[in-house]
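A.B. asks: First to last, the sequence lines map onto chains A and B. When we follow our numbering, the leftmost residue of the first sequence carries the number 1, and every step to the right adds one. When we follow our numbering, the leftmost residue of the second sequence carries the number 1, and every step to the right adds one.
Please note that a few of the clues may not be correct.
Example chain A residues on the side facing chain B (calculated, C-beta under 7 Å, incomplete) [stated by the list, open to error]:
hint, residue
1, 89
2, 100
3, 103
4, 107
5, 108
A few chain B residues facing chain A, derived, Cβ under 8 Å [to be verified]:
hint, residue
6, 141
7, 144
8, 145
9, 190
10, 199
11, 201
12, 217
13, 220
14, 229
15, 230
16, 234
17, 284
18, 288
Calculated from the structure, these hints are not laboratory results. We put the CB at the ideal spot given by N, CA and C, even for glycine.
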Amino acid sequence: MFGTEGISKAFGGAKALSNVSFQVSPGDIHCLAGENGSGKSTLIKIMSGVETPDKGTIILGDERLTSLTPRDAVAKGVQVIFQDFSLIPNLTVAENIALSTAVLEKKKLINPSKNREIAARALELIGVDLDLDATVRSIPVSSKQLVAIARAMTQGVKLLFMDEATTALTRKEIDHLFGVVRNLRDQGVATVFVSHKLDEVQEIAESITILRNGEVTAEGPIENFDRKAIAEAMTGQEVSEVRLTPELPGDAPTVLEVEALSSTGRFKNVSFSVKAGEILGITGLLGSGRSEIAEALFGMAPIESGTVTVNGRAVKLSGPRDAVEAGIGYVPQDRLSQGLFLNQSIRKNVMASAIERFLGRGGFVKGKDISETVSNWISDLKIKTDNPENAATSLSGGNQQRVVLAKWLAMSPSVLILNGPTVGVDIGSKKEILEIIRDKALEGMAVVIVSDDIPEIVQIAHRVVVVHQGKLGAELSEADISESRLYEELAA
Amino acid sequence: MSYITPLEKRKGLKLWGSPNEIFLIVAIVVLSLIIGLNNSVFFSIATPFDLLRSSLIEILFALGLLIVLISGGIDISFPIIGIFAGYTTVVVMLGLGLDTYSLWIPLVLAAIIGAALGTINALLIAGFGLPTLIATLGTAGMFRGFLLSYIGSVYIANIPLGLDQFSTADLLSVETGQGTLARLHVLVIPILILAIAIAWLLRRTMFGRTVFALGGSEESARRMGMNVRWTKARIYMLVGAISGVAGILYVSLQRKADPYDLYGTELEIIAAVVLGGASIMGGYGTVTGTILGVLLINLIKDNLILLGIPGSWQRAAIGLMLLIGVVGQAISDKRRAKQATVIEEDAS
């Protein structure tokens, strides 16, 4: 048996966990669910020895402990697979799997054939075949994750934490991963899946513990929960998954018109149009070209042929600047590297793309106007911060995404393209972000949402197009949009 | 029970080096042909022997720097550490009346002085976590100032006997057509052995793999349980020791100890290591590539005049080589990134 009993932990004055108990048995797949900031990460850190609890007991097999060092945790079979996998990109698959063992045994010399042997055995244990000599940076994300799992196997894992393991994976890869996890279960490993993707939680977990604000709000076998119940336990409020889609006026003018857009190796002959106030969903598997289409519309990927028309004017998109001038805004998927100046203040981030509208005589910035606008956006989008001068890094994922949104909304674009707008955002924020998008559409903005989050697309889009290998496949109109239909189209 | 099909397996033995090493060899051969066709004096056994002699010390410095670059750092204090150790060793030996034929005394002494200076870098970088460029820029200035003000600023022509004699220790000498002797210095052998030892250190020891891991992802290395700080400290101490040895050997080959020497040579050594394929971002680099890089730089440096290019262009040419090396890396990085996405698309 593994788990905790009555664990409490506070940082400074802030309570991170209070009286948290959960249990997972060998051969069990348990889910730890909760929004960002609910205490999931603190719990993982306590179980892996990184943080010491203020109160309570850690249960590892027969042992009941009040504190734990990282080294002890590893020795007792606790392994964590972090979201970034903690791999070393320039070393080979074999080394990434086997070096931990060598480090633990305090080896001075490296034996490459022994490394390969250890790695091959670990990969066999999880039923996976990978090229041992490939460098990790040359393999796909899904394989990187398998390397991280294989490495955990070499450490004699008994309790495996997987932190948001499916974020970067396609549906097919998730199926592979779940196969691997079930295989581990059959070998008696206790697995704790940390996630906030509800459909995946229901698919893989056998039991669940739900945290909110550092407290357990619900627990039990997964059969006792439906999606709504999990979501409510996570958010503490009733979450409705009704469609948010606003009515579309019949006489809305077409704002964005894309015709026969092609770019070799990315997408081919892509045509669609979006009316004012309309929300178009574009979905497809990872690598299908969905992201590339979004990037091309913002001038970040080359367009070789085809035309883009905004408000009746043909625009040439050779860089983001052209797109901004044409009235196109873009919320990127990877907000950390593309959407935000992380170390700059919230205020500067919000104003970044609209700054030219706040230039006074002589090119000086009108500070007062900016402050007013920024505080309007902060209250409008409910960005949780006590000071707009704080760096963007000080915000949680959901709030960072709102800052990115505010940045683009501040320039009032006629077309807003959102690429995975709620990736890594918790349920509560997600709902609010989708509502903001809906409200902007109601005001007449044409919106394109590119996402592989099917429930999200179903909730918000008027129309959905599915991308397959760079080409547009089925187009579903309002009446046909449903989760099952979209999953079918994706698999086609 | 295979969930993921293997990526394209590597087939056969690796007969060739990396594309970069092949490129360097081709560049050296082509350049030699061009120089030789312009000036037939070039085609003589003396040319490779001279090239090796002028490259030996730089190869030593370059191998030390290679370790730093792979770990994701940079060191610009190493030439100063070299001349500091070399000059101080001579001053100490002469001061103590140790004007002996022994080679071991100066070598060991210089290595110790170099390692001690390297320890200061190690303290700043591993201990206080300073960025490597700033830390070594600062120590380079400090070491040079200390050397010139406290140890000596005069040129010493009478170096200890052993060092003096070693400068003419030839492995073999061949009579050339013009009646002069082409000499191959005996130092070729120990440096070759040292190069092999460093290659082994990087490939086959936990220290070496940790150096690579640091250059790949320091955070991941830490999470794998590797001792990041201690490895960093050892890197800068080791590089200090290697630089100290290189410094005293430089003094020996020059048959003089001049505290103003070696200053500014970091440019061409960094250029050589980068041309040799070591990534300026860390994580990649080979001993073979580094040696080829030094040879190419020296070939260009020594023969610009034969090509009718004024010697004053030397430094510009070396700066250009450094930029070519970095641009080459950026291009191949981009290509590699592209390959990775292609594989990803195939997998999904």
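A.B. asks: The structure should be examined with respect to each hint, and the outcome stated for every one.
C.D. replies: Verification of the hints:
1. Among the interface hints, the one on residue 89 of chain A holds; its C-beta lies about 5 Å from the nearest C-beta in chain B, closer than the 7 Å criterion.
2. Taken as an interface hint, residue 100 of chain A checks out: its beta carbon lies about 5 Å from the nearest beta carbon of chain B, inside 7 Å.
3. Restraint check, residue 103 of chain A versus chain B: the minimum CB separation of about 4 Å is within 7 Å; hint holds.
4. At about 6 Å, the closest approach between the beta carbon of residue 107 of chain A and any beta carbon in chain B falls short of 7 Å, and the interface hint on this residue holds.
5. Here the hint on residue 108 of chain A is kept, as its CB sits about 6 Å from the closest CB of chain B, short of 7 Å.
6. Hint status for residue 141 of chain B: violated, given a least beta-carbon distance of 29 Å to chain A, over 8 Å.
7. The interface hint given for residue 144 of chain B is violated, since its Cβ lies 34 Å from the closest Cβ of chain A, which is over the 8 Å cut-off.
8. Violation of the interface hint for residue 145 of chain B is found here, the shortest Cβ-Cβ separation to chain A being roughly 35 Å, above the 8 Å cut-off.
9. Hint status for residue 190 of chain B relative to chain A: violated, with the closest Cβ pair at about 23 Å, above 8 Å.
10. A cut of 8 Å between beta carbons decides the hint on residue 199 of chain B: the least distance to chain A is about 13 Å, and the hint is violated.
11. For residue 201 of chain B, the shortest C-beta to C-beta distance to chain A is roughly 10 Å, which exceeds 8 Å, and the interface hint is violated.
12. Of the supplied interface hints, the one on residue 217 of chain B holds, with its beta-carbon coming within about 5 Å of a beta-carbon of chain A, less than 8 Å.
13. Taking 8 Å as the C-beta cut-off, the interface hint given for residue 220 of chain B holds, the closest approach to chain A being about 4 Å.
14. Hint on residue 229 of chain B is violated. Least Cβ distance to chain A is approximately 14 Å, over the 8 Å limit.
15. Interface hint status for residue 230 of chain B: violated, as the beta-carbon distance to the closest one in chain A is roughly 12 Å, over 8 Å.
16. For the restraint placing residue 234 of chain B at the interface with chain A, the shortest Cβ-Cβ distance is roughly 12 Å, beyond the 8 Å limit, so the hint is violated.
17. The closest approach between the C-beta of residue 284 of chain B and any C-beta of chain A is roughly 6 Å, which is under the 8 Å cut-off, so the hint is satisfied.
18. Proximity of residue 288 of chain B to chain A is violated relative to the hint, the smallest CB-CB distance being about 17 Å (cut-off 8 Å).
When each numbered hint is compared with the structure, violations occur for hints 6, 7, 8, 9, 10, 11, 14, 15, 16 and 18.
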